[in-house]
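Whenever a hint applies, use it, and build me the whole structure from the sequences.
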Amino acid sequence: DPKIIQKPKYLVAVTGSEKILICEQYLGHNAMYWYRQSAKKPLEFMFSYSYQKLMDNQTASSRFQPQSSKKNHLDLQITALKPDDSATYFCASSQDISGGPYEQYFGPGTRLTVL
Amino acid sequence: AQSVTQPDARVTVSEGASLQLRCKYSYSGTPYLFWYVQYQRQGLQLLLKYYSGDPVVQGVNGFEAEFSKSDSSFHLRKASVHWSDSAVYFCAVTNSAGNKLTFGIGTRVLVRP
Chain A
88 DPKIIQKPKY LVAVTGSEKI LICEQYLGHN AMYWYRQSAK KPLEFMFSYS
138 YQKLMDNQTA SSRFQPQSSK KNHLDLQITA LKPDDSATYF CASSQDISGG
188 PYEQYFGPGT RLTVL
Chain B
111 AQSVTQPDAR VTVSEGASLQ LRCKYSYSGT PYLFWYVQYQ RQGLQLLLKY
161 YSGDPVVQGV NGFEAEFSKS DSSFHLRKAS VHWSDSAVYF CAVTNSAGNK
211 LTFGIGTRVL VRP
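Quick mapping for you: the protein sequence lines, in order, are chains A and B.
Here the numbering used here is used: the first residue of the first sequence is 88, the next is one more, and so on.
Here the numbering used here is used: the first residue of the second sequence is 111, the next is one more, and so on.
Calculated directly from the structure, the hints in this document are not laboratory data.
Virtual Cβ for every residue (Gly too), placed ideally from N, Cα, C.
It is possible that some hints are incorrect.
As the list claims (entries may be wrong) - Here are the computed lysine-lysine pairs in the DSSO-like style, where the Cα-Cα straight-line distance is at most 30 Å:
#1 A:Lys140 <-> A:Lys157
#2 A:Lys106 <-> A:Lys90
#3 A:Lys140 <-> A:Lys90
#4 A:Lys169 <-> A:Lys94
#5 A:Lys128 <-> A:Lys96
#6 A:Lys94 <-> A:Lys127
#7 B:Lys134 <-> A:Lys127
#8 A:Lys106 <-> A:Lys94
#9 A:Lys140 <-> A:Lys128
#10 A:Lys158 <-> B:Lys159
#11 A:Lys128 <-> B:Lys179
#12 A:Lys90 <-> B:Lys159
#13 A:Lys140 <-> B:Lys159
#14 A:Lys96 <-> A:Lys169
#15 A:Lys94 <-> A:Lys157
#16 B:Lys159 <-> A:Lys169
#17 A:Lys157 <-> A:Lys127
#18 A:Lys94 <-> B:Lys134
#19 A:Lys128 <-> B:Lys134
#20 A:Lys127 <-> A:Lys106
#21 A:Lys169 <-> A:Lys157
#22 A:Lys128 <-> B:Lys159
#23 B:Lys179 <-> A:Lys127
#24 A:Lys96 <-> B:Lys159
What the hints assert, rightly or not - Pulled a few chain A residues facing chain B out of the computed Cβ check, cut under 8 Å:
#25 Ser135
#26 Ile184
#27 Tyr189
#28 Glu190
#29 Pro195
Said to hold, decoys possible - Which chain A residues stay away from chain B? Per the calculated CB distances, all over 10 Å, these:
#30 Lys94
#31 Ser104
#32 Leu114
#33 Gln139
#34 Ser148
#35 Lys158
#36 Thr166
#37 Asp171
#38 Gln191
Structure representation (C-alpha cells):
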C-alpha cells in the first residue's frame with residue numbers, strides 16, 4: 088500500500104487559475120515537506136511543516152500556500168498560476184525535523200502543466 | 111549555503127559493468143548525505159545515507175557510497191549493474207537543523223543490454 092499519497096497524479100491548468108495539490112502520509116510522521124522539480128533544475132525545497140506548524144519557507148511567492156488540516160495532511164494551494172509553475176511537485180515526510188537528521192520519504196508526485 | 115554538484119548529466123553503461131556516479135557537496139557544517147533514485151515517472155526512493163562513522167556505506171540493491179571529507183565527495187558505486195538500474199540518481203545533503211534537503215541536478219543512467 089502506498090504510504091504517501093499525492094493527488095492528482097497529473098494536472099493541467101490555465102494561466103491565472105488556482106489549484107490545490109493533495110498530500111497524505113500514512114507513515115506516522117510528524118514532519119512534512121514540499122519540493123518542486125522543474126525541467127533542467129534540481130529538486131528544490133519549498134516548505135517544511137512539523138506538527139502542522141510551518142518551520143521553513145523557501146518559496147518567494149505568496150501564491151504558494153501550504154495547508155495542513157491534520158498532522159498527516161499537507162496540501163499545497165497555488166493561486167494565479169503561471170506557465171513557469173509547470174513542474175512536478177513532490178510531497179515528502181520524515182519522523183521529525185528537529186534533532187535530526189531524519190530520512191525523508193517521497194510521494195509519487197503531481198505533475199502540473201500550466202497552459 | 112549548501113550545494114551539491116553532480117558533474118555527469120548522463121551515464122551509459124553495459125549490463126554487468128561497474129558504475130560510479132560522482133557527487134561533490136559544499137557545506138560548512140557537518141553534512142548528512144543521501145543518494146536517492148527516481149525510476150521513470152515515479153517518486154524518489156532512498157538508496158543509502160551517510161551520517162557518520164565508516165565512510166563506506168551500503169545501500170539497497172548492491173549500491174554503496176563513499177564519503178570523503180577531504181574531497182567533499184560522496185560518490186555512488188555498484189559493482190555490476192542490471193538493466194533495471196536505469197533511472198535518475200540524485201545526491202542530496204542536509205543538516206541536523208531543519209532537515210531541508212539540497213539536491214544535485216541528477217545523473218541519468220542508461221544500462222544497455
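>> Tell me if the straight-line CA distance from Lys128 of chain A to Lys96 of chain A falls inside 30 Å.
In response: Holds, at about 20 Å.
> Is Lys128 of chain A within 30 Å of Lys179 of chain B, Cα to Cα?
Replying inline: Holds - the C-alpha atoms of Lys179 of chain B and Lys128 of chain A are around 26 Å apart, at most 30 Å.
> Since Thr166 of chain A was said not to touch the interface, does its Cβ keep a gap of more than 10 Å from each Cβ of chain B?
Replying inline: holds, 24 Å
>> Check whether the Cα positions of Lys159 of chain B and Lys169 of chain A lie no farther apart than 30 Å.
In response: Violated, at roughly 36 Å.
> Taken at face value, is the distance from the CA of Lys159 of chain B to the CA of Lys90 of chain A at most 30 Å?
Replying inline: Since the Cα atoms of Lys90 of chain A and Lys159 of chain B sit roughly 20 Å apart, the hinted pair holds (cutoff 30 Å).
> Straight-line Cα separation of Lys140 of chain A and Lys128 of chain A no greater than 30 Å?
Replying inline: holds, 28 Å
>> Quick check on Ser135 of chain A please, does its C-beta sit within 8 Å of some C-beta on chain B?
In response: holds, 6 Å
> CA of Lys128 of chain A to CA of Lys159 of chain B, is that 30 Å or under?
Replying inline: holds, 23 Å
> Would you say Asp171 of chain A is clear of chain B, with no C-beta pair closer than or equal to 10 Å?
Replying inline: With a cut-off of 10 Å, Asp171 of chain A remains clear of chain B, as the shortest Cβ separation is near 18 Å.
> Can the restraint linking Lys158 of chain A and Lys159 of chain B be considered satisfied, given a maximum Cα separation of 30 Å?
Replying inline: OK: Lys158 of chain A and Lys159 of chain B at ~26 Å, within 30 Å.
>> Hint check: Lys169 of chain A vs Lys94 of chain A, CA-CA at most 30 Å. Holds or violated?
In response: Judged against 30 Å, a Cα distance of about 20 Å means the pair holds.
>> Checking one constraint from the list: CA of Lys94 of chain A to CA of Lys127 of chain A, max 30 Å. Satisfied?
In response: At roughly 24 Å apart (the allowed maximum being 30 Å), Lys127 of chain A and Lys94 of chain A satisfy the hint.
Violated hints, listed in ascending order, are 16, 17, 18, 38; each of the other numbered hints is respected by the structure.
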